[in-house]
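Student: Chain residues, written in single-letter form:
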Amino acid sequence: MSRTHLSLVREPRSEVAATSMLSLKESSPDETATTSMVGSDFADSWWKKICCRFDEIDKLPPGWDGYDADRIAKSTMIFSSLLLGNVYDEAKRLSFPSINPMSNGSIIIEWRTKSHEITVEVNNTNDVDLLIESLATGATSQFHITSDFSKISDVLEESIRPVHAIA
Amino acid sequence: MLFGNNIHPMLDLSKIQRPVDLPQWEAPPVDEVAISVQFNDIPGLKVVHYGQLADRYQKLGLTQHEDQGAIPPQFEVFGKRVIPPQFQFQAGIPLPRVWYMTEDRHRLVQVQPDRFVYNWRKVEGAGKYPRLNDVLPEFWDRCQIFQAFLADQGLPPLSVNQCELSYFNIIDVQEGETYHEAFARVFRFFNALGVADLSNGGSWEQDGGNLNLAYIVRSKDNTPLARLHSSVQVAERSNKQVIRFSLVFRAPWTKSVGQELVEFFALGREAIVRLFDSMITEQMHTQWGRSVSSGR
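Chains as they are written, first to last, in this note's numbering: chain A, 45 to 211; chain B, 730 to 1025.
Chain A with its partners taken away, still in its complex shape (with noise of 0.2 angstroms):
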């Protein structure tokens, strides 16, 4: 499996003619982007950090864990990768997650606020688990995923308010 690199797109692709055979001579797929001011300092840095965290993931070769964990799938990074800039809103407001992999192939995203200890794993693309833990009762919920972050992006958003009951 060959390296790969991450890298942070802010201007929009092409969504729509990856799969097209036809060659056409097109203009410029967007002209307007260069002088905008899309980002900030802050959310480069964030940016720049979870780029580099990914990378360091995928740079762990074949046995990383001390057995036979294979690498981290590049889809599975991605998937992290898109999971995280859809939820970006509201964790930003938050101390950056730890993002860790783990053997059997998940990636693992965490963030622990006053309250709640928040976990969410992603098993593979569209099967991620959400785990939200009550610091103060240790009461536990859990929801599954596919491709709709919504709801971490609600747990994020009430873990920030000072009301303890989230799930």
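Don't read these hints as lab results, they were simulated from the structure. Among these hints, one or two may not hold up.
Claimed, not checked - In silico PhoX-like cross-links for lysine-lysine, where the CA-CA straight-line distance does not exceed 20 angstroms:
hint : chain 1 : residue 1 : chain 2 : residue 2
1    : B       : LYS851    : B       : LYS984
2    : B       : LYS809    : A       : LYS136
3    : A       : LYS103    : A       : LYS136
4    : A       : LYS195    : B       : LYS809
5    : A       : LYS195    : A       : LYS136
6    : A       : LYS103    : A       : LYS93
Unchecked claim - Calculated from the model, a selection of chain B residues having no Cβ within reach of chain A, i.e. all distances over 12 angstroms:
hint : residue
7    : ASP741
8    : ARG785
9    : GLN803
10   : ASP870
11   : LEU884
12   : GLU893
13   : GLU910
14   : ASN920
15   : GLY923
16   : ARG956
17   : ALA980
18   : PRO981
19   : VAL1002
Stated by the list, open to error - Ranges between beta-carbon positions, derived for each pair:
hint : chain 1 : residue 1 : chain 2 : residue 2 : range
20   : A       : GLY149    : B       : ASP833    : 40 to 46 angstroms
21   : A       : MET146    : B       : GLU906    : 56 to 62 angstroms
22   : B       : SER932    : A       : GLU201    : 45 to 51 angstroms
23   : B       : ASN968    : A       : ARG137    : 50 to 56 angstroms
24   : B       : ASP833    : A       : SER89     : 27 to 33 angstroms
25   : B       : GLU992    : A       : GLU161    : 53 to 59 angstroms
Every residue, glycine too, gets a C-beta built ideally from N, C-alpha and C.
Got chain A; can you put chain B on it based on the hints?
Tutor: Below, chain B alone, put in the same frame as chain A:
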């Protein structure tokens, strides 16, 4: 109607009937249709397999081959953020994408380590677009061949994560017509000024440009199922100015390549046709022969 043979599971086309109120066109500007599944990388797939696979497709007349760069993985995800950032993984030495084509480039299978695509393409003298119900069985059959090949080679089965149906339309810009005039002639939503005067005595006029719009397709219970992308691009083809109007239905998919997926593609076709229908002017509907009939 059942399609299949002794090797491949049967496909029940009777379950992918067009809705009776779905419009159709006698001479639509469809230039190309692509049916695609994206899957997790197939571990163990090597360049040599591409050559062995060519032998199987040769029997179906796919005798021509070309190497292409791999299509980057694309995932549709949903949530509160309307435009999430996009990521790309830059691979060191990725396996290429290989085209297996008929000699007239009319039909095409594309294979890369994480994607299988079947294309029908309009070719001069090779007949008009045969409709999705004719192309779907061809996709099905060629994908079954690919899956049988993987099994014969001891490679793991496809773990599909996305599916995609794309229609690429090519619309000529008429002699003496500007792009702006062509946009206004073709697209119902396009009413912007093509030229305007400025206070300095000068003016501006449309020079080119692209329009991209995306829609979320939801189920009856409001669950997001897919995203429908439309794109209008100015382009040149054979030194002629054209408008390329692309419609792509892309969705997360976690099941196998089976009857259910084929039925889902039929939903994609419906979404694409209804969007196309809503975007096009009456003038073009008349020119392309729009009708609504109970049919295939």
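Student: Take the hints in turn and mark each one as holding or not.
Tutor: Structure-based check of each hint:
Between B/LYS851 and B/LYS984 the alpha-carbon distance is near 31 angstroms, which puts this suggested pair outside the 20 angstroms criterion. A threshold of 20 angstroms between alpha carbons decides the hint, and for B/LYS809 with A/LYS136 the separation of about 14 angstroms falls inside it, so the pair holds. Proximity of A/LYS103 to A/LYS136 is assessed by CA-CA distance (about 26 angstroms); at most 20 angstroms being required, the pair is judged violated. Our distance criterion of 20 angstroms between C-alpha atoms is met by A/LYS195 and B/LYS809, whose separation comes to about 9 angstroms.
Among the hinted pairs, A/LYS195 with A/LYS136 is consistent with the structure: their alpha-carbon atoms are about 16 angstroms apart, no more than 20 angstroms. Under the criterion of a C-alpha separation no larger than 20 angstroms, the hint pairing A/LYS103 with A/LYS93 is consistent with the structure, at around 15 angstroms. Non-interface call for B/ASP741 relative to chain A: holds, since the shortest CB-CB distance, roughly 26 angstroms, exceeds 12 angstroms. At roughly 20 angstroms from the closest C-beta of chain A, the C-beta of B/ARG785 stays outside 12 angstroms, upholding its exclusion from the interface.
Consistency note on B/GLN803: stated as away from chain A, yet its beta-carbon is not over 12 angstroms from all of that chain's, at 7 angstroms minimum. With a cut of 12 angstroms on Cβ distances, B/ASP870 stays outside the contact zone with chain A, its closest approach being about 18 angstroms. Residue placement check: B/LEU884 keeps its beta carbon more than 12 angstroms from all beta carbons of chain A (closest about 14 angstroms). The beta carbon of B/GLU893 is not kept farther than 12 angstroms from every beta carbon of chain A, the shortest such distance being approximately 7 angstroms.
Distance to chain A confirms B/GLU910 as a non-interface residue, since its nearest Cβ pair spans about 17 angstroms, more than 12 angstroms. Once the 12 angstroms rule is applied to beta carbons, B/ASN920 is consistent with being away from chain A; the minimum gap is 21 angstroms. Interface exclusion of B/GLY923 from chain A stands, the closest Cβ pair being 16 angstroms apart, more than 12 angstroms. Look at B/ARG956: its CB is around 8 angstroms from the nearest CB on chain A, not clear of 12 angstroms, so calling it non-interface is violated.
Remark: the non-interface label on B/ALA980 conflicts with the geometry, its nearest Cβ contact in chain A lying 9 angstroms away (cut-off 12 angstroms). With a least CB separation of 4 angstroms from chain A, B/PRO981 falls inside the 12 angstroms interface cut-off, contrary to its annotation. In this structure B/VAL1002 is separated from chain A by more than 12 angstroms, as the shortest Cβ-Cβ distance comes to about 16 angstroms. At about 44 angstroms, the CB distance of A/GLY149 to B/ASP833 agrees with the hint of 40 to 46 angstroms.
Checked against the hint of 56 to 62 angstroms, the pair A/MET146 and B/GLU906 passes, with Cβ atoms roughly 59 angstroms apart. A hinted range of 45 to 51 angstroms for the beta carbons of B/SER932 and A/GLU201 is consistent with their spacing of about 49 angstroms. About 54 angstroms separates the C-beta atoms of B/ASN968 and A/ARG137, a value consistent with the hinted range of 50 to 56 angstroms. Separation of B/ASP833 from A/SER89 is about 54 angstroms and departs from the stated range, judged on CB atoms against 27 to 33 angstroms.
The hinted range of 53 to 59 angstroms is not satisfied by B/GLU992 and A/GLU161, whose Cβ atoms lie roughly 41 angstroms apart.
In summary, the numbered hints that this structure violates are 1, 3, 9, 12, 16, 17, 18, 24 and 25.
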